Every structure is written in C-alpha cells, then in structure tokens.
Amino acid sequence: MNKNIYIQSAAQISIQSPLCDDWFEQPTWHTEPQVRAVEPNFRDFLEAGELRRIGRIQKRALVTALKALSQSDLSMPDAIITSTGLGCVENTEKFLSAMVREGEEYLQPTHFMQSTHNTISSQIAVKLGCHGYNNTHVNDGVTFESALLDAVMNFELGRFSSALITANDELTPAYFELLGQIGYWKRGPHMQQTLLEAQSDGAFAGEVSAAFVLENTPKPHTLCALRAVEVLHAPKEQQLQRSIERILTDNNLRQSDISAVMIGKSGDCSNDAVYNHLCPKLFGQTPLAWYKHIFGESYTASGLGMYAAVVCLNRGCIPAHLSLSGKAIEWPQNILMYNHFKNREHSLVLLSLC
Amino acid sequence: MAHQRIYITGMGIVSALGVGKTPTLEALLTAHSGIGPMRNLQGTVLNHYPVGEVPLSDPEMQQALGLDPSEPCIRTGLMGMMAAQEAVEQAQFARQRPERTALLSGTTVGGMDRSERHYLDFFEGKHTHYVALHNCASFTDQVAQRTGPYDICSTLSTACSSAANAIIMGANLIATGRADAVVAGGSECLSKFHLNGFHTLMIIDKQPCRPFDRQRAGLNLGEGAAFVVLESEQSMRARGVEPLCQLSGYANTCDAFHQTATSANGQGPYLAMKSALQMANLQPSDIDYINAHGTGTPNNDISEGIAIERVFGQQVPHTSSTKPFTGHTTSAAGSVEAVISILALQHRFVPANLNLKQPIEELHFTPVSQTLRDIDLHHVLSNSFGFGGNDSAYILSKV
Numbered sequence: 001m002n003k004n005i006y007i008q009s010a011a012q013i014s015i016q017s018p019l020c021d022d023w024f025e026q027p028t029w030h031t032e033p034q035v036r037a038v039e040p041n042f043r044d045f046l047e048a049g050e051l052r053r054i055g056r057i058q059k060r061a062l063v064t065a066l067k068a069l070s071q072s073d074l075s076m077p078d079a080i081i082t083s084t085g086l087g088c089v090e091n092t093e094k095f096l097s098a099m100v101r102e103g104e105e106y107l108q109p110t111h112f113m114q115s116t117h118n119t120i121s122s123q124i125a126v127k128l129g130c131h132g133y134n135n136t137h138v139n140d141g142v143t144f145e146s147a148l149l150d151a152v153m154n155f156e157l158g159r160f161s162s163a164l165i166t167a168n169d170e171l172t173p174a175y176f177e178l179l180g181q182i183g184y185w186k187r188g189p190h191m192q193q194t195l196l197e198a199q200s201d202g203a204f205a206g207e208v209s210a211a212f213v214l215e216n217t218p219k220p221h222t223l224c225a226l227r228a229v230e231v232l233h234a235p236k237e238q239q240l241q242r243s244i245e246r247i248l249t250d251n252n253l254r255q256s257d258i259s260a261v262m263i264g265k266s267g268d269c270s271n272d273a274v275y276n277h278l279c280p281k282l283f284g285q286t287p288l289a290w291y292k293h294i295f296g297e298s299y300t301a302s303g304l305g306m307y308a309a310v311v312c313l314n315r316g317c318i319p320a321h322l323s324l325s326g327k328a329i330e331w332p333q334n335i336l337m338y339n340h341f342k343n344r345e346h347s348l349v350l351l352s353l354c
Numbered sequence: 001m002a003h004q005r006i007y008i009t010g011m012g013i014v015s016a017l018g019v020g021k022t023p024t025l026e027a028l029l030t031a032h033s034g035i036g037p038m039r040n041l042q043g044t045v046l047n048h049y050p051v052g053e054v055p056l057s058d059p060e061m062q063q064a065l066g067l068d069p070s071e072p073c074i075r076t077g078l079m080g081m082m083a084a085q086e087a088v089e090q091a092q093f094a095r096q097r098p099e100r101t102a103l104l105s106g107t108t109v110g111g112m113d114r115s116e117r118h119y120l121d122f123f124e125g126k127h128t129h130y131v132a133l134h135n136c137a138s139f140t141d142q143v144a145q146r147t148g149p150y151d152i153c154s155t156l157s158t159a160c161s162s163a164a165n166a167i168i169m170g171a172n173l174i175a176t177g178r179a180d181a182v183v184a185g186g187s188e189c190l191s192k193f194h195l196n197g198f199h200t201l202m203i204i205d206k207q208p209c210r211p212f213d214r215q216r217a218g219l220n221l222g223e224g225a226a227f228v229v230l231e232s233e234q235s236m237r238a239r240g241v242e243p244l245c246q247l248s249g250y251a252n253t254c255d256a257f258h259q260t261a262t263s264a265n266g267q268g269p270y271l272a273m274k275s276a277l278q279m280a281n282l283q284p285s286d287i288d289y290i291n292a293h294g295t296g297t298p299n300n301d302i303s304e305g306i307a308i309e310r311v312f313g314q315q316v317p318h319t320s321s322t323k324p325f326t327g328h329t330t331s332a333a334g335s336v337e338a339v340i341s342i343l344a345l346q347h348r349f350v351p352a353n354l355n356l357k358q359p360i361e362e363l364h365f366t367p368v369s370q371t372l373r374d375i376d377l378h379h380v381l382s383n384s385f386g387f388g389g390n391d392s393a394y395i396l397s398k399v
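Residue numbers (the numbering used here), protein chains in the order written: chain A, 1 to 354; chain B, 1 to 399.
Hints in this document: simulated from the structure, not taken from any laboratory. Keep in mind that the hints are not guaranteed to be accurate.
Below 30 Å or equal to it, Euclidean Cα-Cα: the simulated DSSO-like pairs (lysine-lysine) are [claimed, not checked]: (1) B:K274 with A:K127; (2) B:K126 with A:K342; (3) B:K206 with A:K94; (4) B:K274 with A:K3.
Each pair of labels, with its calculated beta carbon distance range [stated by the list, open to error]: (5) B:A94 with A:S256: 42 to 52 Å; (6) A:L157 with B:H378: 50 to 60 Å; (7) A:G158 with B:Q346: 46 to 56 Å; (8) A:Q238 with B:R95: 20 to 30 Å; (9) A:N251 with B:L46: 29 to 39 Å; (10) A:D201 with B:P59: 54 to 64 Å; (11) B:A64 with A:P218: 47 to 57 Å; (12) A:Q241 with B:Q63: 49 to 59 Å; (13) A:E177 with B:E89: 20 to 30 Å; (14) A:Q238 with B:Q346: 36 to 46 Å.
Keep in mind it's a predicted model, so treat the numbers as computed, not measured. A virtual CB, placed ideally from N, CA and C, is assigned to each residue, including glycine.
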C-alpha cells in the first residue's frame, strides 16, 4: 500500500447504545438469546418521507453515514462503498414470505425494490446526491474487509480522495431462526458474558450498522491511519505469515510494534479453534483483543470490530473487557485486525495512530 | 502509479443462446433469439411471459459438470461453474496457472431458486443445507472450488451492474499489483422471486422485448452466467497466451436519483460513459460500437439514449442492445455482454438490436436493426446499469 489513508470519523448502531462509545466504559450485557440493535430516534435524522418509505436497515445505514460525514466535515464523499452479508433481509422476507404463503397475486413492489443488497448504498447516494463510485460487497464473514480493499485500491490508483465505507446487516427473528437451524447461534439466555466458557458451537448474534469516512489527507480530528488491508481466500499458514511480514515491512514495523491483535473470536468453538491454533504461531506473545462478545456475531461484525479498534486507539486504551487476557492494554499505537470465516476467507487490517 | 494495461485472455458464457461461445456466436450472427416460452422455471402463475432460459435443467448441468446429483446445488452456481470453467480453459490455466489469481463474481438472487422452493421447510428443519447456500457469496465459493485455487475471492451485489462491477474491481486488483489474473463475471438464475419482483414493478413485456422501439413495453427476464479472465501484460507474456482484447477503460457512477428509475437526463449513465472514455484516453469518435444496456423498459431506453447523445453528440456510433437475444440476465448482464462484445470485436460484426421497428422519436440516432458483417471494430463500449442508479461502463479494445 503506497498511499496514505486516514480514518476521519466512525459511527455505529449495534446492540450497544447507538452513536456513542458507552460500550467502552460500560457495555450493555444483554440476557435475551436474540437482541436487536438499539436504535436512536430516527426522527432526529431523517425526513418524514424517509421514515415512512424505507426499511430499517436503510434507516440505520443513513443515520450512521450522516453521523460519520458530519463528524468529518465532509459533505460529499468521492465514493460510497457498502458491505452487507445478507442485504435487506426484512424486505426480502416480506416479499418471499408473501409469495410462498399467499401466492403471487398481491405482492408489493416496494418490498422488492428494497430487497436488493445495493438498496442501502444507493439510498445513501440519493440522500447525499452523490454521483461517485458506488459499490456493494457480499463476502461472508470478511464482507467488510472486501469493501475496505475496494476503497484502498481506488485510493492507491488516485481515483478517490475520500470515501464513505459502511457495514450493514440486520437480523430478523425469522432469519435468526433459520441461521439457528444451521448451528450459527448458541441456545438459551445469558450467554453474552460467558461466551468463552460455554465450550460449544454457535455464537451470540448481533446487528450492525457502522460507517467510516476515509480521506487521503490528515485533519486535526483524524482518528487513525488505515495502513493495510488484505483479504485472503483459503490461505495456508505460510501465506498468512508472509502477508503479516509484508504488512509489517511495508509500514516499517516490527512485530513488537503491534500493540494488540483484534481477532474475530465469537465463542463458537469451531470458529475459535482456528484462532487458538494460529494466533500463537502468527503473533507470538502479542496481546489479543476481541469484540464479538460486546457487539455480537454477524457477517459484517468486523465493521464494528474496526470501529472498536479505532475508538481504543483514540482513547489510548484497550479496556479489560475487550482484552482476552482480562488486562487492559494501555496506549496502543498499532492494532492489527485478524479475522476469518470458516477458515476459508481470512483478512488482515492494520490501523495506526498518526 | 504507472498505467497498467489489462488484457482479457479467456471467456466463457452460458445463456439462453446456449452453452459456450460457439452457439452464442452462431445465434448472434444468424439473428436467432434465445427468448421463448418458459420451460424450466416451475410453479409460477406468470408462466405466460417469454423468458431467456438456459436450455439445460439443473440435473443436466450437474451431469455436464460431472457432479454428484445428490449434492445440493443452486442454479446460479451451476451456470457460474460452467461459464468460469470455459473461461479458464481458454486462458489455459491448466497448462500454467497465473501466479496470483482472484475470482470476483456478481449475483443478487444467489440461492433464491432453492430458498423459494423450501422456505417453509427450513423452519421445520428440512432442506436446511440450502440456508447457507442462499448467501450470494456461496455461489462464488462453488465457482472457486471448481476453478481454483484462488488467492482472493469476493462477490459484488449491485443488481444489474454486478458483473460489470466485478470486472472493474478485478481490473483494480491487477492495476494495484495484487493479482496477476482475475476471473471476473457474474451469474443469475431465473427465480419466481425475481420474476414476480419485476412483475410488480410492471416492467415485463408480454411480447419479446423491443429495446429502443417506440412501442417498447418492458424487459424479458433472462438467466445466465459469464466470466472473463483479466490478466496483466506481464503474466500473459510469461505464460505465452494471446489476448482476446484489452480492457482499456471503465467507470462506475451513481445516478443518485431513485431506487428503480433513471433520471430524465441520464446523469449517472452519462458520467459512467464519459469517465470510461477519459480513462481509456479515447475520444467519443473512437468508439465503433455501443453495446447498450437497453432493457426495453420505457424509462431505461430513453434516459440511456439521452445520455448516449450527451456523450456522442450527432455522431452516435453503431448501437444495439443484445437483450432481445438473451433476455435481461440481470446480475450477469455485465459479463454476458462483455463476451458478446468481444465476439463482435473478434468476428468483425455488430449484433442486431432485434425487434426494432420504429425508433424512439425523441432520440436522433437509430440502433442497428440488422446484423452488420465485415465491419472493423477497434473500440466497443458496453453499458450496465442497475437498481439504485448503479451505472457502469467499460471499453474493450482490439489488440
């Protein structure tokens, strides 16, 4: 990566308190098996027509996008790139369920129009009047990193000087049930705080809306630098090793300069086994941190992971409740994010204080 | 960064025109449309609408691919595997695989063909292996398993411009030195979901579609898959393969107007074509043929036409929509039409815009209504526009 990219702002709506960093000091520990995102008052951000017309995932996406843009004093990004693993589930379900249950006669065009994955990104573009590059990525558990990679390449090629990157996934009760059928979730209540003790398959579900403004020049309010993004398909251990070495070399860093590795542990034993096996080999003694126990699992959970890492860098601490050793990590300078999906898709993202 | 040339060294296609490049070329040259009565898609009350179906059932495709018929499959995956395989065969991956490869594909319906059949069963714990296959990314994974190994794999989902955006991102992977070759394209099967969706928008024609005709009344849905192999000059030379053409320019823009309609002046399409020309360092007069998006809907064709006139002025090059051949293959359209455009470059013809009787009054150019043969094409521009005003254009140039 030979261009500087800065993260100017970040905003989130999740199962934690929305549009703030309350989770940093006092995370909300939920007790229900499925938790929906805690929503802000959409009326404070959106017009009456939008409140009526658009689906929940789009409202969340618009609000986090607007919040991130206003924090960075950017009115018009060069590009809008969205990541969403499942797309607009609510509207897809409405259309599909009506078609399957009631037949093909009384289907609503609005549900179809708002069912496609890229409705989210284009809704933001329509709201801003943004004619720039607009793309939507779907890549299982590394969907967000694929969107980041898209942006990074365009920065490198000199085609963007700014970009709005978003991560959005919603989980309806019906889709929660379907993914539960194929073993995605742990059963029963009260599991959020004891995910690692359970020693069972399945994770704790969350919902995601995260937005970031990226620019090629630093500003007084810049949060951190985005220094590397890699997405790897079915890599061997040596390939991961080589990628990490390359990222460190490209950025003039040694392994000891990495303050912490933020990993995608979720409490799902088969998911976590990959980290348990690889992390000591790839990262040695570097402290590990995680976020999925706070924000829940989702195809774009790593979007909230990057949000958490950005906040930690800026607040000068990875709090104890995010650290896998249970001890807070003070004054992190460089956080490497490492994530995988079913040991097939892997990703590495490097963030540094500027 | 130095401008890196990107070549296309292989391509594969499955559509209503048949399986592979040979029947596709034959149909295009003889003006033989693949659109007809619905045969494969079952259980819909909309079965009187003409469609562009791939002429193979799922079991027939499984057989052609040598797959175990008891293995769960999705139609988008089967078509995608066939098209990608043809593409990597032409690019001679088996003889010598490029060093770092990526697979990028576009789809929107993913495994919807199975989800809509088994949706209620899922809740009773039956057929649940299709729940994971529903995800758009699962189809890319199937294609990767068939034609891999790949170093990078990802899926784009921007409705009808998905495959074009896969080509664009693929080119960027090569341009930034992250890959030596990228298999890029898309796949989309017909589904009741899709058919009903377009039906509720009232944009499906009961007759074979008539792009750029005054009487046009909507699109015909098609299905298909197509992939191209994008490759760096260095990798191509090292492997000793010949280029089919060069990808000389591309752009994606957003109309930022409406979720399903295009603005009256076609601002998004205009910007996409203009930026692609700029990147290719070409003048509008250098373009010999425009493979238009041309869906046949009243809205698309007039705004695309206006955008074309804004870019090309009085000298609009030969233009045709090939959707009356294939139907609108939605997420795959961007790569299906890349293959058609490359065939046109290679075999020196302009495919006809079938079913055109009376051109649109407001437009000053007339699309090509009969196949033009023996015509030298140097640069072809292809448009792909998706829901949400997602507008992509790319330019393919003779080498």
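Status of the hints after comparison with the structure:
Proposed proximity of B:K274 and A:K127 is supported: the alpha carbons are some 24 Å apart, at most 30 Å. Taking the CA atoms of B:K126 and A:K342, the gap is about 23 Å. The hint holds against a cut of 30 Å. Distance restraint check for B:K206 and A:K94: the Cα-Cα separation of roughly 26 Å lies within the 30 Å cut-off, and the hinted pair is therefore satisfied. Straight-line distance between C-alpha atoms of B:K274 and A:K3 comes to about 26 Å, which keeps the hinted pair within the 30 Å bound.
In this structure the hint that B:A94 and A:S256 lie 42 to 52 Å apart at CB holds, the actual value being about 44 Å. Here the CB-CB span from A:L157 to B:H378 is close to 25 Å, at odds with the stated 50 to 60 Å. The hinted range of 46 to 56 Å is not satisfied by A:G158 and B:Q346, whose Cβ atoms lie roughly 33 Å apart. A C-beta distance of roughly 25 Å is found between A:Q238 and B:R95, which places it inside the suggested range of 20 to 30 Å.
Look at A:N251 against B:L46: about 56 Å separates their beta carbons, and that is not inside 29 to 39 Å. For A:D201 paired with B:P59, a C-beta distance near 34 Å fails the hint of 54 to 64 Å. Separation of B:A64 from A:P218 is about 55 Å and conforms to the stated range, judged on CB atoms against 47 to 57 Å. In this structure the hint that A:Q241 and B:Q63 lie 49 to 59 Å apart at CB is violated, the actual value being about 42 Å.
Distance hint check: the CB atoms of A:E177 and B:E89 are about 43 Å apart, inconsistent with the given range 20 to 30 Å. Range check, A:Q238 to B:Q346: Cβ separation about 41 Å, and the 36 to 46 Å hint holds.
Violated hints, listed in ascending order, are 6, 7, 9, 10, 12 and 13; each of the other numbered hints is respected by the structure.
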